[in-house]
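Enquirer: Order-wise, the sequence lines are chains A and B. Going by my numbering, the residue at position 336 of the first sequence is 336; the numbering climbs one at a time, nothing skipped. Going by my numbering, the residue at position 232 of the second sequence is 232; the numbering climbs one at a time, nothing skipped.
Note that these hints are calculated values from the structure, not bench results. Worth double-checking, as some hints may not be accurate.
Stated by the list, open to error - Derived coverage of chain A by chain B (criterion: at least 3 residues anywhere in the stretch with Cβ under 8 Å from a Cβ of chain B; other residues may be distant): (1) 55-66; (2) 355-366.
Claimed, not checked - Taking beta-carbon pairs under 10 Å as the criterion, some of the chain A residues facing chain B (in silico): (3) SER89; (4) VAL110; (5) THR111.
From the three backbone atoms N, C-alpha and C, an ideal C-beta is built for every residue, glycine too.
As a plain string of letters, each chain reads:
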Amino acid sequence: MTYNRPLARRDMPTGFAIPAAVFVIVIVSLLALAGLYAGAMTSIAVWDRRISRTLNPGDSVVNAWRDLPDGGRYQTTILRVDDGLDPYSNFYRVRTVGRPAPGITAQRVVTTMVEVEKVNGMCCDAAIKLQGDLRVQGTGAGVKVSGLDTIPPAWGGGVCPESLTDMPGILMQDDDRLIINGQPILEGDPPVLEDASIETDDFEVFGDVSYNELAQAADKKLPGGEVFTNIAPEVSGGTCVESGLYNWGDPLDEASPCFDYLPVVHVSGDLKLSGNAVGQGILLVDGDLEVSGTFDFYGVVVALGQADFKGTTDITGGIMVRNGVYAGEETWLRGGTSLQYSSCSAARAISHAVVAHPLAGRHWFEVVE
Amino acid sequence: MPRIGLRQQGGFTMAEMIVVIILGSVVAGALYKVLITQERLYTSERVAAVRHDALRLSATILSADLMEASSSENDFIELEDDELSLRSPVGFGIVCGVDSVSRKISAIGAEGRFSDPAGDSLLIFRADGWLVRAAQVALPVVEAGPGCAYAGGPEAQYTVKVDGDITGVPVGAPIRAFHRWTYRLEEDRGAWWLARDDGTVTHLLAGPFTGDGSGLSFVYLDENGQVTDDPNRLVRLDLTLVSQVPGGIEKRDTLTATVRLRNQ
Numbered sequence: 001m002t003y004n005r006p007l008a009r010r011d012m013p014t015g016f017a018i019p020a021a022v023f024v025i026v027i028v029s030l031l032a033l034a035g036l037y038a039g040a041m042t043s044i045a046v047w048d049r050r051i052s053r054t055l056n057p058g059d060s061v062v063n064a065w066r067d068l069p070d071g072g073r074y075q076t077t078i079l080r081v082d083d084g085l086d087p088y089s090n091f092y093r094v095r096t097v098g099r100p101a102p103g104i105t106a107q108r109v110v111t112t113m114v115e116v117e118k119v120n121g122m123c124c125d126a127a128i129k130l131q132g133d134l135r136v137q138g139t140g141a142g143v144k145v146s147g148l149d150t151i152p153p154a155w156g157g158g159v160c161p162e163s164l165t166d167m168p169g170i171l172m173q174d175d176d177r178l179i180i181n182g183q184p185i186l187e188g189d190p191p192v193l194e195d196a197s198i199e200t201d202d203f204e205v206f207g208d209v210s211y212n213e214l215a216q217a218a219d220k221k222l223p224g225g226e227v228f229t230n231i232a233p234e235v236s237g238g239t240c241v242e243s244g245l246y247n248w249g250d251p252l253d254e255a256s257p258c259f260d261y262l263p264v265v266h267v268s269g270d271l272k273l274s275g276n277a278v279g280q281g282i283l284l285v286d287g288d289l290e291v292s293g294t295f296d297f298y299g300v301v302v303a304l305g306q307a308d309f310k311g312t313t314d315i316t317g318g319i320m321v322r323n324g325v326y327a328g329e330e331t332w333l334r335g336g337t338s339l340q341y342s343s344c345s346a347a348r349a350i351s352h353a354v355v356a357h358p359l360a361g362r363h364w365f366e367v368v369e
Numbered sequence: 001m002p003r004i005g006l007r008q009q010g011g012f013t014m015a016e017m018i019v020v021i022i023l024g025s026v027v028a029g030a031l032y033k034v035l036i037t038q039e040r041l042y043t044s045e046r047v048a049a050v051r052h053d054a055l056r057l058s059a060t061i062l063s064a065d066l067m068e069a070s071s072s073e074n075d076f077i078e079l080e081d082d083e084l085s086l087r088s089p090v091g092f093g094i095v096c097g098v099d100s101v102s103r104k105i106s107a108i109g110a111e112g113r114f115s116d117p118a119g120d121s122l123l124i125f126r127a128d129g130w131l132v133r134a135a136q137v138a139l140p141v142v143e144a145g146p147g148c149a150y151a152g153g154p155e156a157q158y159t160v161k162v163d164g165d166i167t168g169v170p171v172g173a174p175i176r177a178f179h180r181w182t183y184r185l186e187e188d189r190g191a192w193w194l195a196r197d198d199g200t201v202t203h204l205l206a207g208p209f210t211g212d213g214s215g216l217s218f219v220y221l222d223e224n225g226q227v228t229d230d231p232n233r234l235v236r237l238d239l240t241l242v243s244q245v246p247g248g249i250e251k252r253d254t255l256t257a258t259v260r261l262r263n264q
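My request is simple: use the sequences and hints to build the entire structure.
Expert: Written out as C-alpha cells, the structure is:
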C-alpha cells in the first residue's frame with residue numbers, strides 16, 4: 001500500500017459526500033475486521049485435527065460460512081503450505097473473509113499463518129513410567145506389567161508396522177520404592193528399570209508440545225472429581241458420533257466407524273471410572289486416576305497425580321504417572337490390571353494428537369484487495 | 001363639440017416606484033443574507049469534512065501498520081512522543097520452494113510488493129527466528145526458480161533472489177516485505193501533514209493537523225498498561241490526532257484510538 005501522492009496538493013473536497021462515504025467505509029470495515037479476527041482465532045482454537053491428516057502439501061479446504069453473535073459472518077480457507085518433510089510440524093495458511101451483518105456491504109480479508117505441531121517423544125519409554133512409589137499387589141495374570149512390544153490382537157494387518165521393539169515393563173525414578181506383594185507378572189527389557197534422571201518435566205513436556213497445550217487443544221474436556229460409569233463408542237446411522245462426550249472411540253472393533261476416532265481427552269482434576277469404560281487416544285488427567293470398574297484403553301494415559309487400579313484395567317500402549325510433584329505418593333496396581341506396552345497403539349494415538357497455534361513472531365497479515 | 005384634453009397615460013407613479021424599489025431592496029437583501037449564510041455554512045461543512053477526512057485517513061494508515069508490527073521481533077525502532085519509526089509491511093508471501101545455493105525463493109500467496117529498488121527488505125521465517133534479508137531482485141516466475149514443492153498443488157507466483165544465507169528456511173515459511181518508515185508531522189505550505197520518510201524520500205499522507213505540537217502524539221503501553229519507552233515491551237499504543245485547517249479557522253477536531261498489536 002503506497003501513498004505517494006501528497007494530499008497537500010490535491011483539490012479540496014467539494015462536499016460532504018466523500019467524507020461521509022469514507023466514514024461509512026471505515027466503520028463498516030472495522031465491523032468486518034472484528035468479525036474476521038474472531039473468525040481466524042476461532043478457527044485456530046477449534047482446529048480440526050482431521051485437517052492435519054487429510055490435507056497433503058498444497059491441498060486446501062474451504063469451510064462454510066459461519067455466523068458471529070453480532071450478525072457478522074466469516075469464511076476460512078485453509079491451505080497446507082509445508083512440503084511434508086517434517087513429520088512433527090506442518091504449516092497452514094488460514095485466509096479469513098469477514099463481513100458485517102446483512103444489509104451492509106463490506107469485506108475485509110486477513111491471512112493468518114498457523115503451525116500445527118505433533119507430539120514428539122511423549123511415549124513410551126516403558127509400559128509404565130513413574131516418579132514416585134509403586135506398589136504392585138497380585139498374583140499371576142491378576143496383575144501384569146509387560147514391556148514386550150505387542151500388536152493388539154484385535155487389529156488386523158495394515159494397522160501396525162511389523163517391527164517391534166521391547167521396552168522396560170516398569171521405568172521408575174527409584175526402584176527402592178517398588179513394593180511387590182504376591183507374584184505378579186513383570187515382563188520387559190528389562191522388567192524393571194531404574195532411571196534417576198526422571199523428572200517432573202518428563203510428564204509435562206513432549207518435544208515442542210507441552211501437557212498444557214495438549215490439554216488446551218483436547219477434543220473432550222471433562223471436569224474433575226466426577227465419577228464416570230459409561231464410556232463407550234457411540235454410532236448413529238453408520239457414523240461415529242464424535243461430539244459425544246463419553247465416546248472415546250472404539251479400539252475393539254476394526255470395522256466400527258469409531259475405530260479411527262482417537263480423541264485427546266482432558267480431565268481437569270481427579271478421574272474416577274466405575275462401571276464399564278472403553279476408549280482409545282490420549283487420556284490426560286490433571287489429578288488422580290482411580291479405576292474401580294472395567295477400563296479397556298488403547299493409547300497413552302498421563303496422570304499428573306497418582307493412580308489406583310482397583311478394578312479390571314487393560315491399558316494397551318503406555319501409561320505415565322507423575323505421582324504428584326512431590327514424589328512419595330503411591331501408585332497402586334491391584335485387582336485385575338494389565339499394563340501392556342504397545343508401540344503401535346501408542347503411536348497411533350499420538351499421530352492424532354496435534355496442537356495448532358499462530359506462528360511465532362508474526363502470523364497476521366491483512367490483505368488489501 | 002368634442003372635448004379636447006390630455007390623454008390619460010399608463011405608468012407608475014413615483015410612490016409606486018418607491019415602493020417597488022424598497023421591496024426589491026428588501027428581497028435582494030434577504031436573498032443576499034441567505035446566500036451569505038449558506039456560503040458560511042458550506043465553508044464550515046467543507047472545512048469540517050477536511051478535518052474529519054484527515055483524521056480518519058491517518059488513523060487508518062497508522063492502525064494498519066501498527067497492528068501488523070511485532071514488538072518482540074524488533075519491528076519498532078524508535079518510540080517518541082510525536083514520532084514513530086517501525087518496519088512497515090508492504091508485501092506478504094509464502095515460501096513454496098527454496099534454493100539455498102542460488103539464494104532463490106519461489107512463493108505463492110503474493111500480496112503487495114517485493115522491491116529492492118524501492119528500498120524494501122524481507123523478513124523470512126525460520127524455526128530459530130526471523131531472518132532479515134534484502135530482496136536483491138524479484139524475478140518473473142518463468143526465470144529459473146526452485147518452483148513449488150507440491151505435487152499438483154498451487155504453482156509459484158514469483159521468484160525472489162535474496163541477499164544473504166537462506167539455509168534452513170522451510171517450505172511454508174511466510175515472507176514479509178517491509179520498509180522502514182518514520183511517521184511524524186511535516187510542514188508544507190503553511191500547514192502540517194502526517195508524513196512518513198525513510199531518510200531518502202518523504203511522503204505527505206494526510207492533513208492538515210495542528211502545528212503547535214498537539215497534532216500527533218503517541219502513548220506507548222506495556223502488557224501491564226504501564227507507559228514504556230522500550231520498543232520490545234510495547235503491547236498497546238494510544239494514538240491522538242488533532243486536525244485544524246489553517247487560515248485563521250480556530251475550530252479543531254480530535255481523534256483518539258487505541259491499537260493493540262496483533263503480531264505478538
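Enquirer: For each hint, tell me whether it holds in the structure or not.
Expert: Going down the list of hints, with the structure as the test:
1. 55-66: holds (count 4)
2. 355-366: holds (count 7)
3. SER89: holds (8 Å)
4. VAL110: holds (9 Å)
5. THR111: Holds, because the Cβ-Cβ distance from THR111 of chain A to chain B comes to roughly 7 Å (cut-off 10 Å).
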